[in-house]
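> Residue-level listing of the chains:
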Amino acid sequence: MRRAIRAYAPELLLVALIVLAAMWSSTLSPYFLNAVNLLNSAQFFVIFALMAFGLFPVVVQGEIDISLASTLAVGAVLMAKMSVAGIPLLVGLAITLAATAVLGAVNGVLVAHFGLPSLAVTLGTLGAYRGIAYLIAGDAGVTGITPDYLLLGSSWVGIVPSSVILALVVAAGFWVLMGRTAFGRYSYAIGASPGAARMAALPVRRIRVSAYALAGAMAGLAGLVWVSQYQSARGDNADGAILFVLTAVVLGGVSIKGGTGKTEGVLLATILLGTIQTGMQLANVPGTSQRLVVGALLIASIGAPRVVHLARHAWTTSRRRLSPTAVAQD
Amino acid sequence: MSAASGVVARFGLAGGGAALRVRFIGVIVFQLLLMAVFTLARPRFASWDNLQSVLFTAAILAMAAAGQTLVVLTGNLDLSVGSIMGATAYVVFDLTGTMPALGPWVVLIAVLIGLVLGAVNGFLVTTLQIPSIVATLGTLSVYRGFVSFYANAKEVTVGELPPWTRSLAAARVLGLSSYVWIAVVLVIAVGVMLRGMPWGRELYAYGSNPRAAYYYGLSSTRIVVTGYIGAGIIAAVVGLLLGAQVGNINSLLASGIEMQVLAAVVIGGVSIWGGSGSVYGAALGAVVLATINNGLVLLGVQEYYRLLFQGLAIVAAVAVDALVQRRVLRATRRRSVGVAA
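These protein sequence lines map, in sequence, to chains A and B.
Be aware that the first sequence starts at 253, since it is given in the numbering used here, and climbs by one per residue.
Be aware that the second sequence starts at 96, since it is given in the numbering used here, and climbs by one per residue.
The shape of chain A in the complex, shown without the other chains (with noise of 0.2 angstroms):
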């Protein structure tokens, strides 16, 4: 029970935050803790969470995609393209998850064959690949829908929206992919090690590239889930969510600096943003100034356990200067 305890603390911790906000969120509004309206409102941070999915084994091997939002747009504003032109929902989407995929695998290539640094080579295709969405959209973007591209967003399953269902199969997904198969195993490894990784033979170059091939495929999917909510597309579409993206991945406790991380922490860390900023929302407070929030989450998740660090080490020191014992340790 201990053990359990111990090696779920992270998450247990993330459930606990989330009960607190879900508190919080109450007491604003008598209409927030409802099933109805809760599953409702998670429908909006889908789009999110199958983002956070895409970046988690990016971020486990060690590296990073800030270009994932606009990766996104180039797969929304395809998607409202191909569906205007009357193409079957399904070719749509294979043609708009490949392209996405490519634009990944662009960044990972890169990045794993080049030995570029992943940070300046997403700050460039960010521009790029948003230059790339307008491009398709045009100036005045994509309305106009087809029925069948917006079921997923307008449908449900008893009171559960499609969407939602959609993000837990993709969590389903990335949790056996991570804990099951030679691809997570071998993230894990080189985000631990790369160098180790390459004396034990693994595949780096190419488990990097399919990584990011996968991250560009999943903004891709939330491309389409965007266009099912949204019924339009523009080329700025999620401009700047990948600050919310990022946040929900290092929040659920994968390392920036790589190695660690579990799926099961990204979903609830991607949960317990949505909360919070759905609060936020009951209580009025204007978009701009959520952003002061969630950035404060994303410093605070991964400076605390420095702060933690310090603050043992300060207590540590100052005792042993007050024992005498310890200094004749020393």
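Note that these hints are calculated values from the structure, not bench results.
Mixed in with the good hints, there may be bad ones.
For each label pair, taking beta carbons as the anchor points, the in silico distance ranges come out as [what the hints assert, rightly or not]:
#1 B:Ser314 with A:Arg258: 34 to 44 angstroms
#2 B:Arg306 with A:Ala452: 23 to 33 angstroms
#3 B:Ser314 with A:Ser406: 30 to 40 angstroms
#4 A:Val537 with B:Val202: 28 to 38 angstroms
#5 B:Val392 with A:Asp400: 39 to 49 angstroms
#6 B:Leu203 with A:Arg450: 50 to 60 angstroms
#7 B:Val392 with A:Gly396: 47 to 57 angstroms
#8 A:Arg258 with B:Gln224: 23 to 33 angstroms
Partial selection, computed: residues in chain B whose CB lies under 8 angstroms from chain A [stated by the list, open to error]:
#9 Pro226
#10 Ala230
#11 Leu403
The structure displayed is predicted, hence computed values, not measured ones.
Each residue gets a CB set at the ideal place from its N, CA and C atoms; glycine is no exception.
We have chain A already, so just place chain B on it with the hints.
Chain B alone, transformed into the frame defined by chain A:
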């Protein structure tokens, strides 16, 4: 890898240093090419009026890029530069609206704000050991969120700005905007500090090889934090200048400018790995970027081509830097083998 440029500093410009020099000359050639192409396509590009406007855009960018250089030299990044500019401009000019007696002291207030915000960035990166991209992505939204919270959807109008800041923004000296001269002075001042002062040398030493700098007895925390503070102060002052020029300031002033500033720095040859490059290169990068922006507008090209071009330019510049670095590394290795023999 980053050890290479440190070795270059020791051996002077010989060997691999030639690659760095070629890199700098390459940017100048690229700039001349751009000007030639734009002039041929649109003769209006070469008109004095237009060149003035290019230089004005370049001045703002070059100043911000000079600040960013201080951070990039240490191997870090500052994505919060646009938020610092916006926050300073809004808060300071909001204050002058209510307290006109402040006079030129507003510059001091701006410097203080920049110092604090930069120090926070430095603290997060050094003491809390948060990777700079993540830390400053966080402060980008925290600082911006703070302004929008503080502004509460209101605008600072032109009337609230002190008249002298407005006349400074409109002033011309020797036919060029006063901002161009301020930028020239600032860039040279930072350049001289980087070259001549111990602090500047420490930035290079730390950036090119953090571990060697540590063994040498340099405090990494102090170097990185002062880099961020310098960048914060410069960003704050640039924010003030930009605000004075814009006039009506809302909480979104200068948002998204970090992409352009980083592009200028990287195009100008300041290595993203740290320890190599100069503030003059960064300023040159700003001129290149301003030329591209202006030329694309004259050509009647849509705004999004600029995004595309800018993003590709960052990737290309970083790729070229990786090549240059490999060259430098190979040259120094050959040299050290020669020394050993």
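> CB of B:Val392 to CB of A:Gly396, is that within 47 to 57 angstroms?
31 angstroms Cβ-Cβ, so the 47 to 57 angstroms window is violated.
> Could you see if the CB distance from A:Val537 to B:Val202 stays within 28 to 38 angstroms?
33 angstroms, holds
> Close enough to count: is the Cβ of B:Pro226 nearer than 8 angstroms to one in chain A?
6 angstroms, holds
> Does the hinted range 30 to 40 angstroms hold for B:Ser314 and A:Ser406 at CB?
Violated - the Cβ-Cβ distance for B:Ser314 and A:Ser406, about 59 angstroms, lies outside 30 to 40 angstroms.
> Going by Cβ atoms only, is B:Ala230 closer than 8 angstroms to chain A?
Hint on B:Ala230: holds, closest Cβ of chain A at ~6 angstroms, below 8 angstroms.
> Assuming the hint says 50 to 60 angstroms, is it satisfied by the Cβ distance from B:Leu203 to A:Arg450 or not?
53 angstroms, holds
> Kindly confirm whether 23 to 33 angstroms is satisfied by the beta carbon distance between B:Arg306 and A:Ala452.
Given about 26 angstroms between the Cβ atoms, the range holds.
> Could you say whether the range 23 to 33 angstroms given as a hint is met by the Cβ separation of A:Arg258 and B:Gln224?
24 angstroms, holds
> Between B:Val392 and A:Asp400, is the Cβ distance one that fits in 39 to 49 angstroms?
41 angstroms, holds
> Was the hint right that B:Leu403 lines chain A, CB cutoff 8 angstroms?
3 angstroms, holds
> Quick one: are B:Ser314 and A:Arg258 within 34 to 44 angstroms, going by C-beta?
For B:Ser314 and A:Arg258 the Cβ distance comes to about 37 angstroms; the hint holds.
The structure fails to meet hints 3 and 7 from the earlier list, while all remaining hints are met.
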